[in-house]
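K.L.:
Chain by chain, the residues:
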Amino acid sequence: MKIKVFPREYAGGPFNALVLLLSLLAGLVAVGVVFALKEINPFFAIFSIFKGSFGSWFGIKETITKAIPLILIGAGLALAYRAKFWNIGAESQLLLGAIFATWVGLNWGPSLPGWAAYLLMFLAGFIGGALWGMIPAVLKIHFGINEVISTLMLNYIAAEIVKFLVVGPWKGETKYGYPYTDDLPDQAILWLFPYSRVSPLLVVLTVFVALFLCYLVFRSRFGYEIRVIGENAEAARYAGIDFFKTLLLVMAISGGVAGLAGVGELAAIHHHLSYPETISAGYGFTAIIVAWLGRLNPAYTILSGLFFAGIVVGGDAIQMTMGLPAATVQVFNGLILTFLIMGDFFVHHRVTIQREA
Amino acid sequence: MPILEIIENILVRTVVAGTPLLLGTLGEVVAERSGILNLGVEGMMSVGAVTGFIVTFTTGNPWLGLLVATLIGAAFSVLHAFITISLRANQVVSGLALTMLGLGVSGLWGKPYIGRPLTTKMAEIRIPVLSEIPVLGRVLFSHDPYVYLSIVLGIVVWFLLRYSKLGITLRSVGENPRAAETQGINVNLVKYIAVVVGGAFAGMAGAHLSTAYSKSWIEGMTSGRGWIVIALTIFALWEPSRAFLGAYVFGCIFVLQYVLQPLGISPNILAMMPYLATLGVLFVYGLSSAGKRRMSAPAMLGEPYIRGSR
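For the protein sequence lines, the chains are F and L, in the order given. Position one of the first sequence corresponds to residue 1 (our numbering), numbered consecutively onward. Position one of the second sequence corresponds to residue 1 (our numbering), numbered consecutively onward.
Hints listed in this document are in silico derivations from the structure and should not be mistaken for laboratory results. Just so you know, these numbers come straight off a predicted model, no measurement behind them. Any given hint could be a false lead.
[Claimed, not checked] Below, a list of computed lysine-lysine pairs in the BS3-like style, where the Cα atoms sit at most 30 angstroms apart:
no.: 1; chain 1: L; residue 1: 121; chain 2: L; residue 2: 215
no.: 2; chain 1: L; residue 1: 111; chain 2: F; residue 2: 163
no.: 3; chain 1: F; residue 1: 61; chain 2: F; residue 2: 175
no.: 4; chain 1: L; residue 1: 111; chain 2: F; residue 2: 38
no.: 5; chain 1: F; residue 1: 61; chain 2: F; residue 2: 51
no.: 6; chain 1: L; residue 1: 121; chain 2: F; residue 2: 38
Same shape as in the complex, but just chain F (with noise of 0.2 angstroms):
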């Protein structure tokens, strides 16, 4: 008996969908042999994590809450990864987008109605997110620098901007030495839904923003150009495509829709700006698996992204009931990628068995 493997262009929608679902459970069943290692029932975990996020009205709304930033950022991360550029920087994107914010909040919030400070909020950090998008854009481009790199680097020095804001000059003078700006004034805070940290203005936005996203990757000519550069650069260079100008606007779009989400978070959950570690809990890295597993399509990142902010709550659920350490929820991502690109394989690759004669 002889295996053998053969490339292929398109497998089917269907047959896609069974692998992704396939591989998404061989992850699952990797996180309950972790489990089983640390002497826990894995069904009994496993089973915990669902019922923590989707198992009662807390636990939804708090998934909710939580899959606002994770669909925001990995619709935005889905349009770069098409264009096959690796965004890694979403995480200090968004907290670009919380720095702008909340200069605007705190500086023109108080003599603004409310509608005018959420629209310059999220205007401001849109800006303040793509322009720190654009920068590894330039030096790719510019000066071939990796873009991994590049937005890795840029993570680590925006982390230490916002740590020297909040100790430095904008230390609240109201909040006794803690590491906090001053509260945003009560007209810039979104209305949330009673009882919940959801607010409806966050839903919409989140579910435009995929579907404008979507709209933009399938169905425009940036778009196209987006998928001409990610899949064959060659015949991008021969069509005449402005790399430059296509992939600065791609990065402007990726960190602009992340700034967005730390303005979410901001304006909706923190309502001032505090520690990196506070303002995102490593939104911008998970959103990465939220893309991938919602197939580099904006609009399946709202699928994807409620799925795993399920993940990221019912792992904190049983983090704390089962004194397990917050490092949990990274080895869960972790195993789900790995396997979610494992069963890749069999999307790009038809394996037939032959028997020998």
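Position chain L relative to chain F; hints supplied.
P.N.:
Structure of chain L alone, referenced to chain F:
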């Protein structure tokens, strides 16, 4: 303190701080020369750091810690090799997954050991006679064994890459796998070995951090060194000899962070320095030698190899 003594102290600590960077960069140079980009260095280093620490803590033997960390680093990198070589998957995403997994697993394993200092760390070895030389003796010849190990390994890798059949084999696999195949070289096997060597080096680098550089384990103690290693590999133009230069320059920057603190500069600004410097170095490079660098990168870096395809 006289100025000369301050400089001597900075240099001594520079060599120590540069050691994990040197080890990591040498490993990544080997892996990338075979055409496999491994962005999982941060994860492999972290796994090396935690296993090195746990073994040293429980057995009291830092040499055993070094050995186990090296083996675990190597074993962990097999995952990346399997995904990118056998399954021909995207190397960037696989490397990221490896980093996430490595940081997560090391956090999970290391939890019970946080805040527990080692009683026996890797002891300093003074090389007889040589360590008596003024200045140079302290800077180069009075260190923990990792420092010597990294220098010896650096010279070995440099020699093998440049002058041995093994080096030619490795380079041909990264430059032109099809031609290598017709020469009877098992391309995928060479790639596997190169990635595993890279993992072993990263494991060693991690163990240095937790058992010699400091003597404790804390989550996230690699603090981006794995990523700096990736940048240094580019800076080194995939040459082990230039890896020495890069590693010690960055070691010096890590040391300057602490040296400059009394001058009243914000600690946050100082903490940015290694990362800003990474960007700065690559930036100056981009200005001066974009063409040169493109020429020296392994031609098939990042490209999956499919046997028998055209």
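K.L.:
Now tell me if each hint is right for this structure.
P.N.:
Here is how each hint holds up against the structure:
Proposed proximity of residue 121 of chain L and residue 215 of chain L is supported: the alpha carbons are some 6 angstroms apart, at most 30 angstroms. A C-alpha spacing of about 26 angstroms is found between residue 111 of chain L and residue 163 of chain F, which places the hinted pair at or below 30 angstroms, so the restraint holds. Note on residue 61 of chain F and residue 175 of chain F: the hinted pairing holds, with a Cα-Cα distance of about 29 angstroms set against a maximum of 30 angstroms. With a CA separation close to 12 angstroms, the supplied pair residue 111 of chain L and residue 38 of chain F stays within the 30 angstroms bound.
Of the supplied pair hints, the one linking residue 61 of chain F and residue 51 of chain F holds, its CA atoms being roughly 13 angstroms apart against a limit of 30 angstroms. With a CA separation close to 28 angstroms, the supplied pair residue 121 of chain L and residue 38 of chain F stays within the 30 angstroms bound.
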